[in-house]
Amino acid sequence: NAGVTQTPKFRVLKTGQSMTLLCAQDMNHEYMYWYRQDPGMGLRLIHYSVGEGTTAKGEVPDGYNVSRLKKQNFLLGLESAAPSQTSVYFCASRARDRGRYGYTFGSGTRLTVV
Amino acid sequence: KQEVTQIPAALSVPEGENLVLNCSFTDSAIYNLQWFRQDPGKGLTSLLLIQSSQREQTSGRLNASLDKSSGRSTLYIAASQPGDSATYLCAVPGGYQKVTFGTGTKLQVIP
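Residue numbers (this note's numbering), protein chains in the order written: chain R, 2 to 115; chain B, 2 to 112.
Here chain R stands alone, though its shape is the one from the complex (with noise of 0.2 Å):
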């Protein structure tokens, strides 16, 4: 029971430098997330996924894209990669039903831009 997988765990940049960050995930979630986690300023949402072949943005969206073109994928690129965009990267997923089913998180790829 894999849940949420994320590759790769690590990475590192150089300033400009393009990347694609895969999240899958095996539970037939229809619901996928992409947070971005800094010291004091918690997780915040990058862009979100209500089903496949859809996006839409979160909170922090900018220097960001993202595809959904298979229901069990959510790729995160990064188009010209900078130092701000340095961070741990979580992907997340949940079931259709909002009130009985929590989010399923993936452990994390841990990007450095320098």
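Note that these hints are calculated values from the structure, not bench results.
Remember, it's a predicted structure, so these values are computed and weren't measured experimentally.
Note that the Cβ used here is the ideal one computed from N, Cα and C, for glycine as well.
Any given hint might turn out to be false.
As the list claims (entries may be wrong) - Restricting the straight-line Cα-Cα distance to at most 27 Å, the calculated cross-link-like pairs of lysine-lysine (DSS-like) are:
id, chain 1, residue 1, chain 2, residue 2
1, R, Lys71, R, Lys10
2, R, Lys71, B, Lys99
3, B, Lys43, R, Lys15
4, B, Lys99, R, Lys72
5, R, Lys58, R, Lys72
6, R, Lys58, B, Lys2
7, R, Lys10, B, Lys99
8, B, Lys107, R, Lys10
9, B, Lys99, R, Lys58
10, B, Lys43, R, Lys10
11, B, Lys43, R, Lys58
12, B, Lys2, B, Lys69
13, R, Lys10, R, Lys72
14, B, Lys43, R, Lys72
Stated by the list, open to error - Label pairs and their in silico Cβ distance ranges:
id, chain 1, residue 1, chain 2, residue 2, range
15, R, Pro62, B, Ser53, 28 to 34 Å
16, B, Gln55, R, Pro62, 33 to 39 Å
17, R, Ala57, B, Ser25, 26 to 32 Å
18, B, Asn19, R, Lys15, 49 to 55 Å
19, R, Ala96, B, Asp28, 20 to 26 Å
What the hints assert, rightly or not - A few chain B residues that don't get close to chain R, going by computed Cβ distances all over 12 Å:
id, residue
20, Leu12
21, Asp85
22, Ser86
23, Ile111
24, Pro112
Fit chain B to the given chain R structure using the hints.
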């Protein structure tokens, strides 16, 4: 705007002690409330979820209660162990897919 506060921010207890972590929220119109633990450098692990119609949930040594009218939830940990040392977060879903996370309680259980 939903605000979620956790008290205390940090707690240090000797092994074996029973303890209570608190979570307060300002808007009582909630779908549910979820408790997580986060170990240093790790992700969030779900501990318990209390639906809005429920008063409490139990899992092993953990018991979470919910009082919507007073805007409070408590997480009770019985017979604490060093392995319980972590940061505990409560989370409250809101509108537009937003989740408001609490400020966290960093727990240290001393052997």
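Against the structure, the hints come out as follows:
1. Between Lys71(R) and Lys10(R) the alpha-carbon distance is near 21 Å, which keeps this suggested pair within the 27 Å criterion.
2. Note on Lys71(R) and Lys99(B): the hinted pairing holds, with a Cα-Cα distance of about 23 Å set against a maximum of 27 Å.
3. Only pairs whose Cα atoms come within 27 Å are accepted, and Lys43(B) paired with Lys15(R) is accepted, the gap being roughly 24 Å.
4. With a C-alpha separation of about 20 Å, the suggested pair Lys99(B) and Lys72(R) falls inside the 27 Å cut-off, and the hint holds.
5. Note on Lys58(R) and Lys72(R): the hinted pairing holds, with a Cα-Cα distance of about 18 Å set against a maximum of 27 Å.
6. Proximity of Lys58(R) to Lys2(B) is assessed by CA-CA distance (about 18 Å); at most 27 Å being required, the pair is judged to hold.
7. Restraint check for Lys10(R) and Lys99(B): satisfied, since their Cα atoms lie roughly 25 Å apart, inside the 27 Å limit.
8. A threshold of 27 Å between alpha carbons decides the hint, and for Lys107(B) with Lys10(R) the separation of about 24 Å falls inside it, so the pair holds.
9. Using a Cα cut-off of 27 Å, the hinted pair Lys99(B) and Lys58(R) holds, with the two alpha carbons roughly 11 Å apart.
10. Distance restraint check for Lys43(B) and Lys10(R): the Cα-Cα separation of roughly 10 Å lies within the 27 Å cut-off, and the hinted pair is therefore satisfied.
11. Using a Cα cut-off of 27 Å, the hinted pair Lys43(B) and Lys58(R) holds, with the two alpha carbons roughly 25 Å apart.
12. Of the pairs offered as hints, the one joining Lys2(B) and Lys69(B) holds, with about 16 Å between alpha carbons and a cut-off of 27 Å not exceeded.
13. Note on Lys10(R) and Lys72(R): the hinted pairing holds, with a Cα-Cα distance of about 22 Å set against a maximum of 27 Å.
14. For the suggested pair Lys43(B) and Lys72(R), the alpha carbons sit about 25 Å apart, so the restraint of at most 27 Å is met.
15. In this structure the supplied range 28 to 34 Å holds for Pro62(R) paired with Ser53(B), their Cβ-Cβ distance being about 29 Å.
16. Between Gln55(B) and Pro62(R) the Cβ separation comes to about 34 Å, which falls inside the hinted range of 33 to 39 Å.
17. Roughly 29 Å separates the CB atoms of Ala57(R) and Ser25(B), a value that falls within the hinted 26 to 32 Å.
18. In this structure the hint that Asn19(B) and Lys15(R) lie 49 to 55 Å apart at CB holds, the actual value being about 50 Å.
19. As the Cβ distance of Ala96(R) to Asp28(B) is approximately 23 Å, the hint placing it in 20 to 26 Å holds.
20. Every C-beta of chain R lies more than 12 Å from that of Leu12(B), the closest at about 19 Å, which supports listing it as non-interface.
21. With a least CB separation of 19 Å from chain R, Asp85(B) remains clear of the 12 Å interface cut-off, as annotated.
22. Even its closest Cβ contact with chain R, about 18 Å, leaves Ser86(B) beyond 12 Å, as expected for a residue assigned away from the interface.
23. Ile111(B), annotated as away from the interface, keeps every beta carbon of chain R farther than 12 Å; the closest lies near 24 Å.
24. Remark: the non-interface label on Pro112(B) is consistent with the geometry, its nearest Cβ contact in chain R lying 26 Å away (cut-off 12 Å).
In the structure shown, no violation is registered for any of the earlier numbered hints.
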